[in-house]
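Visitor: Keeping their order, the protein sequence lines are chains R and V.
Its first residue numbered 9, the first sequence is counted upward by one per residue in my numbering.
Its first residue numbered 272, the second sequence is counted upward by one per residue in my numbering.
Hints are computed from structural coordinates only; laboratory data are not their basis.
Just so it is clear, CB atoms sit at the ideal spot from N, CA and C, and this is done for glycine as well.
Do not rely on the hints blindly, as some may be mistaken.
Claimed, not checked - Beta-carbon label-pair distances, calculated as ranges: (1) V:ALA291 with R:LYS467: 52 to 58 Å; (2) V:ILE388 with R:GLU233: 54 to 60 Å; (3) V:PRO395 with R:PHE294: 34 to 40 Å; (4) R:GLY485 with V:LEU285: 53 to 59 Å; (5) V:ILE273 with R:GLY197: 30 to 36 Å; (6) V:SER305 with R:GLY204: 23 to 29 Å; (7) R:SER198 with V:ILE364: 35 to 41 Å.
Stated by the list, open to error - If the Cβ cut is set under 7 Å, some of the chain R residues that face chain V in the computed set are: (8) LEU139; (9) ALA189; (10) LEU228; (11) VAL229; (12) SER414; (13) VAL422; (14) LEU434; (15) ILE487; (16) LEU491; (17) LEU494.
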Amino acid sequence: MENLQELLHGFTIAVTVPHLLLMAVGVLLGILVGVLPGLGAPNGVSLLLPLTFGMQPVSAIILLSSMYWGALFGGSVTSILFNIPGEPSSVATTFDGYPMARDGRPTTALATAFGSAAFGALIGVILITFLASWVAQVALAFGSPEYFAVYFLAFASFVGMGGAAPIKTVVALAIGFAIAAIGIDTVSGSVRLTMGIDELVKGVNFVVAVMGLFGIGELLVAVEEEFHARAVSSKIDWREVFRAVGRLPRHSVALLRSAAIGCWMGITPGGPTAASFMSYGIARRFSRRGRHFGTGEVEGIISPETADHAAGTSALLPMLSLGIPGSATAAVMMGGLMIWGLNPGPMLFVDQKDFVWGLIASMYVGNIVAVALVLLTVPVFAALMRIPFVVIAPLIVIICVVGAYSVSNSYLDVVMMLGFGIVGYLFKKLFYPLAPLVLAIVIGDKAEDAFRQSMLLSKGSLGIFFANKLVTCLIVGGIALLLLPLVLQLARLLRKPAPSTDETTSREKVII
Amino acid sequence: MISRRALELATAVLTGSFGAVVVVSSLDNGIGWSSSGVDAGTFPFLTGIIVVLGSLYNLVRGVLPAASLASVPIAITPLELRRLAGLFVPAAIFVAAIPLLGMYLASAGYVFAVLAIPRHQSVPRALAMAAATALGLYVVFERIFQVSLPHGALASALGV
Numbered sequence: 009m010e011n012l013q014e015l016l017h018g019f020t021i022a023v024t025v026p027h028l029l030l031m032a033v034g035v036l037l038g039i040l041v042g043v044l045p046g047l048g049a050p051n052g053v054s055l056l057l058p059l060t061f062g063m064q065p066v067s068a069i070i071l072l073s074s075m076y077w078g079a080l081f082g083g084s085v086t087s088i089l090f091n092i093p094g095e096p097s098s099v100a101t102t103f104d105g106y107p108m109a110r111d112g113r114p115t116t117a118l119a120t121a122f123g124s125a126a127f128g129a130l131i132g133v134i135l136i137t138f139l140a141s142w143v144a145q146v147a148l149a150f151g152s153p154e155y156f157a158v159y160f161l162a163f164a165s166f167v168g169m170g171g172a173a174p175i176k177t178v179v180a181l182a183i184g185f186a187i188a189a190i191g192i193d194t195v196s197g198s199v200r201l202t203m204g205i206d207e208l209v210k211g212v213n214f215v216v217a218v219m220g221l222f223g224i225g226e227l228l229v230a231v232e233e234e235f236h237a238r239a240v241s242s243k244i245d246w247r248e249v250f251r252a253v254g255r256l257p258r259h260s261v262a263l264l265r266s267a268a269i270g271c272w273m274g275i276t277p278g279g280p281t282a283a284s285f286m287s288y289g290i291a292r293r294f295s296r297r298g299r300h301f302g303t304g305e306v307e308g309i310i311s312p313e314t315a316d317h318a319a320g321t322s323a324l325l326p327m328l329s330l331g332i333p334g335s336a337t338a339a340v341m342m343g344g345l346m347i348w349g350l351n352p353g354p355m356l357f358v359d360q361k362d363f364v365w366g367l368i369a370s371m372y373v374g375n376i377v378a379v380a381l382v383l384l385t386v387p388v389f390a391a392l393m394r395i396p397f398v399v400i401a402p403l404i405v406i407i408c409v410v411g412a413y414s415v416s417n418s419y420l421d422v423v424m425m426l427g428f429g430i431v432g433y434l435f436k437k438l439f440y441p442l443a444p445l446v447l448a449i450v451i452g453d454k455a456e457d458a459f460r461q462s463m464l465l466s467k468g469s470l471g472i473f474f475a476n477k478l479v480t481c482l483i484v485g486g487i488a489l490l491l492l493p494l495v496l497q498l499a500r501l502l503r504k505p506a507p508s509t510d511e512t513t514s515r516e517k518v519i520i
Numbered sequence: 272m273i274s275r276r277a278l279e280l281a282t283a284v285l286t287g288s289f290g291a292v293v294v295v296s297s298l299d300n301g302i303g304w305s306s307s308g309v310d311a312g313t314f315p316f317l318t319g320i321i322v323v324l325g326s327l328y329n330l331v332r333g334v335l336p337a338a339s340l341a342s343v344p345i346a347i348t349p350l351e352l353r354r355l356a357g358l359f360v361p362a363a364i365f366v367a368a369i370p371l372l373g374m375y376l377a378s379a380g381y382v383f384a385v386l387a388i389p390r391h392q393s394v395p396r397a398l399a400m401a402a403a404t405a406l407g408l409y410v411v412f413e414r415i416f417q418v419s420l421p422h423g424a425l426a427s428a429l430g431v
């Protein structure tokens, strides 16, 4: 009950005119970056980050999280109307969303997508409301070994469940750690890995990395194939909106199952993209109409959308209560928290009640604002898609350049951002996962500190990670996840040679 | 035309050499255990080793013709390469021009060049868009958010 009281208090913070306006601005900007193929939620949020430095933390996080909701919704709009996923996490929505829209039912497809997305987000927020403060309370008793164990588990789950080639995930993670270590070491004060470049003493800001990896990298991937925006009609029939939403309860099994998958994948750092694909795949296998998937099935839209938004929302739970982001966008937001002078983790629930509950309350309101705005603005943003890519591409480049520069007024950052762009392109092209790389850049330092403090406590003995039940469980769970791909590989070898990957899985791999 | 194999190899070499640099330069900070606990270089040293080993594995996987590689032998076709260069080369020139021209002139020139030279837009329209870009940047950053963008060596030489 205490949680509900705190939540009500949060609503008094979130539902004020300035904050509602911020939500509307955030959602609109979010839909914009969600709709544009070269920009996504992680770099949209990081582009906005330099502009929030002067704001109150609670206002800043409301702006950024609203942008996140907007981007999640915006990605679905282009998936359905243009068959072009604006966001990696909405690729699975194209499978059934676009066929349905092409068959002359765009309103039904959009309303079904938004309705189930809102449901997924709602389940995610409810989960956060009731679970986050409890998790934080447990985490308050954590010492350095427990923290390191939790970080270890988070990184291991990327390797075990991320979906990309395990060794490539390991390489991406380790590169992220090395980048995080550049600059002044917080424990000893010595300068590390600057390779003789004095400007690197301040370290590599994650905003610069994100801007290059996601912004320029994605642009380079996008420019390879020419976009043909063949839109189906984007007119909204309001009566059909309510009818489509009214039909949703008939698919309650699919809704609940997808929400559960989404929440699980969001809390463990699987991320929204993996969640939406997994949910779609499971729905196709278990639905009675599984054979019709891909031709405009309602459940083929419900499943990925619900899971996508449930995962996107619940990814904020570990960020708030443990200081470990569950997705790339959450990692960027967490970087923002640190810049605003907050310390992400369980102490937030003690020291910064207004911030935490204001944010949680704003998630309820923000998602409602997002659904309303996205429905109202579909025709506007659909028209935006007709702007040729050659015009949008240089503008995105300029935004990334200015964004990278404004982080710390450094030209070197701009050059590095461009370098990260090439890395991002190569990694995307060859299916190296980017989310663990960003995650490691953001929390690499904290993981290292936790490890070194544990070692100080135990005078150099690794035995401290097996000193009590909790720590042992976390470490053993992490090791199990690390070994999972190896075990699966062996199991596959023992059985007869598996049939080669079919078309959907190769497409699934492209975006992870 | 760039094959998938060549791209895998190049990337593995890139990540591997980054790992090697990390390993070598973390040796300066000391690795192992000292009176003040774990030395500063230890953690980067270990991550560097992991990067090197992982890159070696990816390198070998890239050389061996695996089933997954055989299904997509070509990574970048000549046409795609031309499109990539068409985006990246002007962007790199734009970034290189910033110290001299400043953010406003460089970005206006960049927008104009990308739109007008390949004849995507007519010259007057490209000019208008270029001017609008520079003006938009100025209003949003210098005026609204009070973030000063670089004005360039040329501007300071002219005393603007």
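Visitor: If any of the earlier hints don't hold here, list their numbers in rising order.
Guide: Result: hints 1, 2, 3, 4, 5, 8, 11, 15, 16, 17 break, sorted rising.
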